[in-house]
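S.K.: Residue numbers (my numbering), protein chains in the order written: chain Y, 1 to 765; chain R, 1 to 507.
I should point out that these hints are in silico values taken from the structure, not numbers from a laboratory.
Bear in mind that the values here come from a model prediction, so they are computed numbers and not experimental data.
Heads up, a few of these hints could be off.
Unchecked claim - Heads up, simulated SDA-like pairs for lysine to any residue below, C-alpha to C-alpha not over 25 Å straight-line: (1) Y/659 x R/452; (2) R/448 x Y/458; (3) R/452 x Y/175; (4) Y/659 x R/454; (5) Y/27 x R/446; (6) Y/169 x R/368; (7) R/33 x R/82; (8) Y/27 x R/454; (9) Y/650 x Y/343.
Unchecked claim - Calculated from the model, a selection of chain R residues having no Cβ within reach of chain Y, i.e. all distances over 10 Å: (10) 110; (11) 203; (12) 206; (13) 208; (14) 209; (15) 279; (16) 373; (17) 427; (18) 479; (19) 491; (20) 500.
We put the CB at the ideal spot given by N, CA and C, even for glycine.
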Amino acid sequence: MENFYNLVPLIVIIPAIGLLINLFAGKYLGEKGVGIVAVGASTGAFLVSVLLWIALVDTGFEAAVVNMPLLDGWIRIPSAGVEIPWQFRVDTLSVTMMLVVTGVGTLIHLYAVGYMHGDERFPRFFVYMNLFLVFMLTLVSGNNFLMMFVGWEGVGLCSYLLIGFWFDKPGGEGWRNSDAARKAFIVNRVGDFGLVLGVLITFWTFGTLDYYRPHEEPLHVAAHGAEESAPVFAPDVPEAEAVEHAPSGPLGVFNQAHLWLEEGGHRVDFGLFSMSFEATLTVITLLFLLGATGKSAQIPLFVWLPDAMAGPTPVSALIHAATMVTAGVYMMVRSNVFFHASDTTSFVVTLIGATTALMAGFIAMGQWDIKKVLAYSTVSQLGFMVAAVGVGAYAAAMFHLVTHAFFKALLFLGSGSVIHGVEHGHHHVAHAHGDEHHAEPFDPQDIRNMGGLRHRMPVTYWTYLIGMLALAGVIPFAGFWSKDEILLDTLKLGTEQGRLDGYVGFVLLLVAAVFTAFYMTRQVALVFWGAPRTEAAAHASESSPTMTVPLVILAVLSVIGGFMNIPDGFPVLGSLFGVHELTSWLEHSVVYAHAGSFNFLLATAAVLLALAAIYAGRLVYNDRVLRTLRLDPLEADPRTSRAFALANAKLYWDEFYFKYIVYPFRDAAHWLADRLDWAFWHDFVHNEVIYGTFQRATRVLTEPVDRGLIDRAFNAIGEAIRAAAARLRTIQTGYVRTYALSVLFGALLVMFIILLPVIRELLGM
Amino acid sequence: MEDISLVTVVFMLPLVGVLPLLFVRSLSEHTMKWLTLTVSLVTFGLSLLLLYNFDTRVAGLQMVQKWDWISSDSFTIRYYVGVDGISIWLVLLTTFIMPISILASFEPIKDRVRLYYIFMLLMEWAMIGVFVAQDLFLFYVFWEVTLIPMYFLIGIWGSEDRIYAAIKFFLYTMAGSLLMLLAILWLGNEAGTFSLPEIFAKLNSGELSFSPSTERWLFLAFAIAFAIKVPMWPLHSWLPDAHVQAPTAGSVILAGVLLKMGTYGFVRFNLPLFPEASETFAPYIALLAVIGIIYGAWVSYGQDNVKKLVAYSSISHLGFVMLGIFALNSSGIQGGILQMVNHGISTGGLFLMVGMLYERRHTKMMNAFGGIWRAMPLFSGLSLVIVLSSMGLPGLNGFVGEFTILLGSAGSQVLSLWFTVAAAVGIILAAVYMLYMFNTVYMGELDKEENKRLPDLNWQELWSLIPIVIMVFAIGLQAGFFFNYMDSSVRDLVQYLGDTITAAAGR
C-alpha cells in the first residue's frame, strides 16, 4: 500500500481536470453534467485522501515525499543554490487537512448543485469551486513553504472570484460585491507581505524551503525528556543511503532548526543580516503570524471576512468557514518547531487569538444578518485555534479546526437553506399579491424578517440546532471536546508555567465561549423560534434533498466528531472510542503535538457556563419579544444599549481603517499622480524649465547669430532639399510625408554601412 | 567565406523581410500584413532553433559571428554578434513579442500600411541587433536605430498628442545616450578595440585598467543612458507620454522589449566593465529602484486613464528588475533577467487588452467601463490571467521573477534587508492598483448602455492573447527550464564581480 503514496499528485490533478472540463465544455453539459463533473472531481480527490490515509496507517505513519510528474524543476538556480521543486508531502498532518478539505468540500459541492440551481453562470461557479480545491490541496500537501504559498495566494484568488461571483447584480449590489472581493484580496496581501518576507529569511537561514527532505523523519522530543541526537530516517531506507543522506546536503528546515536550537548559540549570517538563531526564529514567526492574521482573519486583518459573506453561501461555508480561513492555523501548526522556539511570538499569538475570539464574539451579538453573525463567529473560533497555537496546544488547534469545519459548514449551509427558504416564501407572497409587492426591498438574510421557521423547515432546524449546540460547546457535541482542550491547555500554561499569557488568554477565551453560546441562542431564537414575523417567513419552504442530505451528514459529524480525540481519563467514552486518537496520529508529523488532559472541574464549569448563556439567551429572546421584534431587547434596555450599538457598528474597525489608511492612501495617490508627477514633474520641470529654457536659449542664439549669418547659408541648403523633396514626392505619389521618407532613407544608409562587412563577406571581397 | 551563424540569420531576417515591402509596389494591404506576420513568425521559429542549439554549460558567447567592419591602426570596429545566457531570452522575447504586435495591428492600422509594416520589421531588426551586438560601437548604432521606427510609430499612428510624445521620447533617450557614446569612444580608444570580449580579456589580464574615479565616471555615463531607457525613477517622465500616445503595438513593443534594453545594458556593460563602481553605486541604484517600485505603484493607483495606469506600473515592475540586478548575486541577476521577460509578456498583454478596449469604445478612461466581464466573458477571462500575472500571483510567471529577485536582494552582500522589505510593499501595492483597474473595468455592474453590446474577441485578438497566456503559465510552473539557460553565464559574471571586488579590497 506504499504505492498509494504515489497517488498524491492526483489530489491536485483530479480537481484540475474537473475544472478544465467545466471551463471548456460547461455550457454544453447542462447543470446536471456540470454538477456530476464537479462533485465527481471532488469525490475523486476525497477517495485519494482516504487511500493516503490507509497508506499511512498501513506503513506505520511513515511520511512520504512525492514529486509532481512532468513538472520537474520549478525554481531551480544551481549557481545560487536555489532548488524549490513541486513536491508533495504525505504525512498525518497533511492528510488530516486533505480529508477535511475534500470531505467537507464534497458535501458542499453537492449542496451547491442544489443551491446554485438556475444561476446563469452555473458552470463557472463550479470551475471556481474546483479551482479552489486545486489550490487548497496544493497548500496543504506541498513539501515546501513556497508551494504552500502558491496555494495560499491561489485560494485567495478563488476567494476573490467567488466573493465577487455576483459582480453584476443590479442596484449597486454588484459593485458592493466587487468591492468586498477586492477588499478580501488586498487585506490578505498585507498578510502575504509578512509571509513572503518570512519565507525569504527562512530560505537564507536554512538554505532550503523544504519542510523535510525525502526519507527524513521529524526529530522528536522523546517522551522521557531525553532528546534523540541524530535524525531518524524511515526504516525502509537502506543503511548506506541513510548515512549518505545524513551528512550530505542540508536537512529540511524543521530538523535543522531542531538541531541548532539544541546546540544553542548558533548565529544566522547572510548578506548584511546577522542575528542569533533564536532571534531570527522570532522574526520569522512574527512575519508568519502577520500572514496568518490575514488568511485566518485575526486582529488586525480580520475585516475582510465579514464582507466576504457577499459570496454565495456554499462559498461562505467551504472557503470562509471550513477550509481556507484555517490555512493560517495549518501553517502555524506546520511550523510548530519554529513557533515553539519563540516565547515572544507565542505570547503575541496567544493574545491576538484570544482577543480576536472575544472581540468577534462581542460583535456577533449585535448583528442582524444571518451570515454576518456566522462570519464573526468564525473569526471568533479561529481566534480559539490561533490562541491554541500560541499556548503550544498544536493538536488541540488542529482538533478544533476539524470539528469547527464540521459544525460551521453545517451552520453556514443551514443558513443558506434558510435564506433559500425565505426567498422562496418571498417570491410566493409576491406572486400572490401581484408584482408591485416585488419591488419592495426585502432582505432575505435579515433575521428580523424571519421567525418561527422550525415548523416550515424542520430538517434545517434540527440540524441547525445541532450545529449551534456543537458551537456553543455543549457536551457531547463536537465543539465541546475541542474547545475544552484549548481552554484547559491555556489555563495550564498559566498554572504550570506561571505565564501571564496563559491566564489572560484563558479568561478572554472563557468569556468568548460564553458569548458564543449567547449569540447562537439569539440567532436560533430569532430565526426558528417564536412566530413568523413576515409573510415571507410564514411561507418559507424546506429545501431540496441535495441541500438537506449534506446538512444531515454534517450534523452527524458534528455530533460524533469530538470522539476522535477523547481526553485521557474521561469515563466510558475513552474506552469506547480510544483516547487521544487524533493527537497520537498527529504526533507523527507535528513534533510538539501533545495530548491534552481532562479536568472534570473545568469541563463542568465550561458546560454550565454555556448552558447558562443559552438559558439567558432564551430569557432575553423569549416568545413575547420574538412576536413583535422591533428593537433588540439589548438595544432597548438602557443598560446594554450602548454596548449593543458598539457591537452593531462592528466596533468601528472599518471606519477606522478607511479614515486613517484607505482614504489617506487614495488621496496621496491622486496627489502624487496629478500634482507631483504630472503638474510639477511633467509639466513644470520638464516642459517649462528644461524644454522652455532650451527654447529661450535657442531664440537668443537665433536672433543675432542665426538670422544674420547662418540663415542665409541654410536657406540655400533648404531650397535644395525642398527641390529634391518635391521630386521625391512626385515619385512617392504623396503617400508618405517627406520627413518620414528622408529619415527612412537615412536609416537605410546607416544600415548599408553596417551591412558593409556582411555584404563584403558574402561577396567574398 | 565562412559559415553564417544562426544568430546572423535570425538578426538579418526581418531586414530581408523589409525588402519586398520597400520595392514591390503591387502588394495589396492584405499581402503586406501576412507577409510581415510570416517573416516575424519565421524569425521566431529560427530563434527557437537558437534555443535548441544553445549549450547551457557554456558561460561565454555562442554562435558567434565576427567580421571586421572598420579597422585602423589604433582601433577596430567589428560586426560581432553572438548570444549567451544573458541575452538569449531577450532575443526570444523580441521574436515572441513581434508576431503578436503585428497580429494585433491587423485591424487597428488602416492608413500607410506599407510604411507601418516596414517600421515594424525595422524595429525587430534593430532590437535583435541591440541584444546580439558584442561590439560597443555596433551596440550603440542599434541602440540609436531603435529610436527611429519607434519615433514614427508614435508620431504617425499615435493619438492626439503624438508629435509631442514622439519628439519627447526621441530627445529624452537621445540626450541620455550622448554621454554613453562619449564613454564608448573613450573606452574603444583606450582598449584599441570596441569588441566586448576583447575588452574583458584585457581587463582581466590587467592590460587595461581604470582608476577608481575614471571607472565611476564611465559607469555613470553608461548608467544614465540605460536608466532613462528603463526608465528609473525620476527619469521616467517620457514614459507615460510615449505609452499613452503610442498605438497599441507601439506600446506593446515599447513595454515589451525597448525598456529591457536599459536593464539589459546594466547587466551587459555596467556590471562586467565596472565591477567596483557597480558595488559602490549598488545601494544608490537599489534605492532609486525601490523608490520606483513604490512610487510607480502608488501613482498607478491615482490614474483614471487605464493606459497611463499600465504605463506607471512598468516603472514599478522595472524597479524590481533593477533591484535584482544590483543585488549583484546570482539569484538577483537571474531573477532580474527572467523578470525582464515576464514584464515583456504580462505588460505586453496588458497593453493589448487596453488596445482592445480602446478599439471598441474609443476611450481609455476607466470610468467609461464597468461590468465588461458580463459583455465580453472570453476577453475578460484572458485579461484576468494577464492581470494576475502582472500582480505576481504564485504559480504564474510574475511571481517567479519577483520572488527570485527578492531572494537575491535579501541575500545580497551589498544591500541591507530593508530594501527587500520596502520592495515587498510593492507586492501589496501591485494588488491595490491592478485590482482597482480590474474591478472598475471588468467587475461591477454593466450599467452603461454603450457597453452592453460590445463584441467579444475576434480571431486576431484571441490569437494575440493566447501565446501570452501560454507563456504566463509555462514560466510560472516551470521556471527552472528558463533559469537553466542563464545559469552558466550569470555564474561567471557573479564570480567575476566577486573576484574583482575582493581583489580591489585587497589592493
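S.K.: I'd like to know which numbered hints this structure contradicts. Please list them from smallest to largest.
M.R.: 1, 2, 4, 7, 9, 16, 17, 18 and 19
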